[in-house]
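Residue numbers (the working numbering), protein chains in the order written: chain W, 1 to 416; chain L, 1001 to 1416.
All clues stand as given, with none of them false.
For lysine to any residue, the following SDA-like pairs were computed, each having C-alpha atoms within a straight-line distance of at most 25 Å:
(1) L:K1365 with L:L1332
(2) L:K1365 with L:A1330
(3) L:K1365 with L:T1352
(4) W:K365 with L:A1268
(5) L:K1365 with W:W67
(6) W:K365 with L:R1056
(7) L:K1365 with L:D1404
(8) W:K365 with W:R181
(9) W:K365 with L:E1061
(10) L:K1365 with L:G1028
(11) L:K1365 with W:S66
(12) L:K1365 with W:E70
(13) L:K1365 with W:E57
(14) L:K1365 with W:F267
(15) L:K1365 with L:G1333
(16) L:K1365 with L:D1376
(17) W:K365 with L:E1069
(18) W:K365 with L:E1057
(19) L:K1365 with W:D68
(20) L:K1365 with W:V266
(21) W:K365 with L:S1066
(22) L:K1365 with W:R56
(23) L:K1365 with W:M72
(24) L:K1365 with L:A1406
(25) W:K365 with L:M1072
(26) L:K1365 with W:A268
(27) W:K365 with L:E1073
(28) W:K365 with L:V1266
(29) L:K1365 with L:D1411
(30) W:K365 with W:P375
(31) L:K1365 with W:E61
(32) W:K365 with L:D1068
(33) W:K365 with W:D411
(34) L:K1365 with L:D1410
(35) L:K1365 with W:R65
(36) W:K365 with W:A330
(37) W:K365 with W:D397
(38) L:K1365 with L:L1329
(39) W:K365 with W:R22
No lab work stands behind these hints, which were simulated from the structure alone.
2 protein chains.
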Amino acid sequence: MGPAADPDAAALDASDPLAPLRDRFVQGGDVVAYLDGNSLGRPLTRTAERLPSFVREQWGEGLIRSWDEEWMELPFTLGDALGAAALGAAPGQTIVADSTTVLLYKLMRAALTARPDRRRIVLDDDNFPTDRFLLEGIAREDGLELDVITVDRTRGVSAEQLAAVLSDDTALVVLSHVAYRSGHLADMRELTRLAQESGALVLWDLCHSAGVVPTELDAWGVDLAVGCSYKYLNGGPGAPAFAYVRHELQGTIEQPIQGWMGAADVFAMAETYRPADGMRRFLSGTPPVLGMQPIVDMVELVAEAGIDAIRAKSVALTEYTIRLVDEVLAPLGVAVASPRDSDERGSHVTVTHPRFREVTAALWKRGVIPDFRSPDGLRIGLSPLSTSFAEVRLGIDAIRDELDLASRRDDAATVG
Amino acid sequence: MGPAADPDAAALDASDPLAPLRDRFVQGGDVVAYLDGNSLGRPLTRTAERLPSFVREQWGEGLIRSWDEEWMELPFTLGDALGAAALGAAPGQTIVADSTTVLLYKLMRAALTARPDRRRIVLDDDNFPTDRFLLEGIAREDGLELDVITVDRTRGVSAEQLAAVLSDDTALVVLSHVAYRSGHLADMRELTRLAQESGALVLWDLCHSAGVVPTELDAWGVDLAVGCSYKYLNGGPGAPAFAYVRHELQGTIEQPIQGWMGAADVFAMAETYRPADGMRRFLSGTPPVLGMQPIVDMVELVAEAGIDAIRAKSVALTEYTIRLVDEVLAPLGVAVASPRDSDERGSHVTVTHPRFREVTAALWKRGVIPDFRSPDGLRIGLSPLSTSFAEVRLGIDAIRDELDLASRRDDAATVG
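Please construct the entire structure, taking both the sequences and the accompanying hints into account.
Printed below as a string of structure tokens:
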């Protein structure tokens, strides 16, 4: 028996103002419910259509001249567009470059140059491994101490926890806006204020929120932020990342990967490195222009849809998901491991069950694609522009069916 | 008067065994002579044709499953293919990742972990700015000393010069295989041997040779190498770079940008970073899969054509260029600033004249595209698979015409 038609999902889709935009994305193949946009967003049809002309014209006919015409400025123009569409960042503070890991490394190291006399870095034990691994290495090399906050994974770092570890020796605080496991949404404004009160700089990892949860980086006085573009910004596998550096900080901090693209006069081929003014100093190598093309398309769509409308649909999708989990999956032993309050939740819902490892494999085979996180978590990622309520319904029903099947296999084995 | 038909160029093209492969590249637009493949190689038609299906199928239908099927291994499979086709590197020693700048930074820092008691780094003053800038920053941070060899720009670093600065305090030697300005081709085998005799590690920058001058990294005992893919590997603007680490070194050196993709168990989301065995430890962020696609196509073509045949045509192209410069441009005051011995020359020829800045602008307008290097250099880049002898002839004639025009403008101004 397949999943029953559900008037509830149909009604939600019918009244969704963003529903028509779903047709802008590539659909096809065997996938019937894609619930992993928080790992890899779907491509836009426009991107598939536009890349051949990019290759033939901008690259193939413009050749080296395209650097002068457009490409040299693309890290900044695309960064500014992203900042305006999704981050609450005025122009001149955001670049698109490198990868999340490399940009985090550069801004972590840069931040420390602004607080040379302070010896401690604050992070939490639920931050993404890359963030923790990077700081572990930097602290070891520079002889710094790490203050690691142990968090309740469904609740994130609280203001009380942060206040308890901050001191006048704290140079830097590194936190994730949305936790990659639970989907917990941090109070960026309050935690930033607290950290800055102690004289520390704050670096926010926006990987799991950029493009789906609005931020006001300027208004909230955020110092530094880095995020990835291949999740809710649909940039494609391993797409370049972005970095934000508050305007007032740009002249006072320096990153360590001193390449020609970050120099004050790029083509002077100077004898010694002098960092450029402004955001250029945070570049290192030649900008990844081909890799940026899908992001160009998606940032335009985010601007067209409006980040607040995207957030509203994201909340509706996660609320609907939790309601269905409670109704359909809780009786089978599935628990919600994400915050139930929408104000404290990003755009994915994590549920747990001891059999989710085998269930995920079975779901993938039938074209229902969430992702599994060891040991027992299933992350249901809800990308508002490309995901329908009907997909959620279908996905939850499929999880129920596969849990039923797994349980019947157990019974059969016992009887046998 | 346009350029006259030249039987010499026509004869060379007619007898060129690689000539048919030129049709594999995107041609079109206003460009009649592209002489800058050493800055940005032309795209392959196959790449333009294949990208839409990559986006629709591997990304759009495979979605997150494509990581398991192909993408996670792409840095290694593509690196191995490149190593076999062009570098003389057995499998398991080459990756494609990041950018040239970031990979240089990682391998420079990694090399220093293997020689912790040595305090000196050798480089030369004609190396590409990024290489020098990076070492300047690393030396400052780590309190190391730089030994900068001053080179005659048409001759490169000699064995005598290198021997004179090496000592038992030298940790690392960083050299370019082909000099970006003069096109000088270093004796990689001999310089590597010399450096290693003193106990130092050697890092070769292959940006201006990869894909056009064969190397035997394994046979020559090279320690480390980094190169770019957007020149003679036609990877597109800002394409990912590659890195080679000799097998025996891999377990003993560590790079500082500790991301999840370099960890021993990527999806364990471990509490602490433990570097993977083998080349994975040199990865940091998520591999730039879209950006790697053009390189996949070009490495296949290099393998098909054969790197020795490519080098043979490269030598023929640069020899023909120098002959024409001597015949046609020398009378106008143009000098050859590249080595005249083919064994000491890569695949570009640099010529100098005080008016080349204005001449370059005029050439670009008529679709003849070399590149200008301040103050008076014109680099004529010869990408063997996509450049014909006729293009060289046409380019040299255009340079002559524009120098003539500039000179006539002078006369008119004097008369006026």
